[in-house]
Amino acid sequence: PAAPTLEDCLDCAFEDWECPFAATSAHVLQYLNFTHQIGACWDEFPSDANVMAVDLDVECAFGDDLDCSNPQTRDFGNISMLDGCSRVGVGSPALVNETCSWRCRASRQIAHCEWAFRPPPGLPDVAGALEACWVTPTAIGSDRVEVSVVCRPSESARTWAQMEESIAKFNDMVDELQSNASKVPNVMIDHLFDSVLPAMRKQILNAEETPESIRDMDEPEMLRPLDKKWNEFGRQLRNMQGQVKVLQERIVGLDDQAISKLQANEEEIVELLGKVQVMLDVFESKRPPPSPTFRDGRRENMESDNTRKGRRFVLFGVVVLFVILCGTCAALAIICMTLRQVRKNLAANSSAAPPRHAPMHPGDALEGGDSNAVVVGRAIEGSARAAASPRPLPSGRSPAAESGTGKARAA
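Numbering (my numbering), first residue to last: 1 to 411.
No lab work stands behind these hints, which were simulated from the structure alone.
Do not take every clue at face value.
As a list, the in silico EDC-like pairs of lysine to aspartate or glutamate whose alpha-carbon atoms are at most 16 Å apart [unchecked claim]:
id	residue 1	residue 2
1	K228	D281
2	K275	E232
3	K202	D143
4	K228	D125
5	K202	E249
6	K286	E219
7	K275	E219
8	K202	D172
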């Protein structure tokens, strides 16, 4: 469908961008209706409340063979619609913000771009607030591109806005009642019947998603905005339930008819809360397990550090005990060897020589073969013969022969 104009849609949001360069292959009309669409080389899906994402297979679309380990070798040219562009009229918050990043899927490089749209003023920033958005580029000459962005709010968003307005008015009435309890708040109860609950009922009962459709969804990006929306339903209903209890306490004994109306309102609120809780239980069953927080990770790191320190301490103790045991065994071995050697030496000495002052038998030769040795206090046999026998001369002749020779010389 064609993008609406200001004359066609008074509550639509409009925004213009200027790009100081020539149009590229990325500058084509984009119609985003916040549903899941699949093309030959792209996958389009809502990734959050009023956020559309597009995953583009670069190799399929452009034939670029990119390595997943180094995606920075290619920029987002021909991929990004608003990269390098500036918004016209910066006085108000931007209607759209575009971000692009690289992802790797099945060893193929994927360009992931997201367009985050802001609902018009007065509308809630919840899933389903926008019916559709149009991003329309127009080439101006050969060196400039103008991009217009238009978003149409959904009927659900209009009803939600009316519901929030009714709830705000109801809360103001409760505050006024607390300051002046003498008022009989029939107007408050009528407002609750005529405005607040009907708007809430319409939002819940006319919702497109059902427990069965949520169970069939597997994409976390599509589940996240719906989860947030139904949690907001529950928050509003619980807040309304609390306000009804405040009213009941304030008007006790003042108006029985008003109390009956409040009870009827409270029963419907409980019924709607039951329907919301069914949806919340389905979302809870689809929600992935929470990732560990920084504190949990820090606690796990501290526990692992303590475990490692304990293991090191035990290992150190085992090593020290092993060294002590080895040293003790070595010392005992040395002592045993020393004692054994001393014992051997003592045994050898006792078998090799007699006692120091032990008497010797006559005729025993002393060490060196000298038979003329004398033992203290006792002459050894043969000493008399030794004294009588002449001492040999150095030449080997006897004294008698030497004396005969002398006599011959004298004659």
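Hints versus structure:
1. K228 to D281: Holds. K228 to D281 sits at ~13 Å (cutoff 16 Å).
2. K275 to E232: holds (13 Å)
3. K202 to D143: violated (50 Å)
4. K228 to D125: With Cα atoms ~10 Å apart, K228 and D125 stay inside 16 Å; holds.
5. K202 to E249: violated (28 Å)
6. K286 to E219: Given that 16 Å is the threshold and the Cα spacing comes to 10 Å, the pair holds.
7. K275 to E219: violated (23 Å)
8. K202 to D172: Violated - the C-alpha atoms of D172 and K202 are around 23 Å apart, more than 16 Å.
In this structure, the earlier hints numbered 3, 5, 7 and 8 are contradicted, and the remaining ones agree with it.
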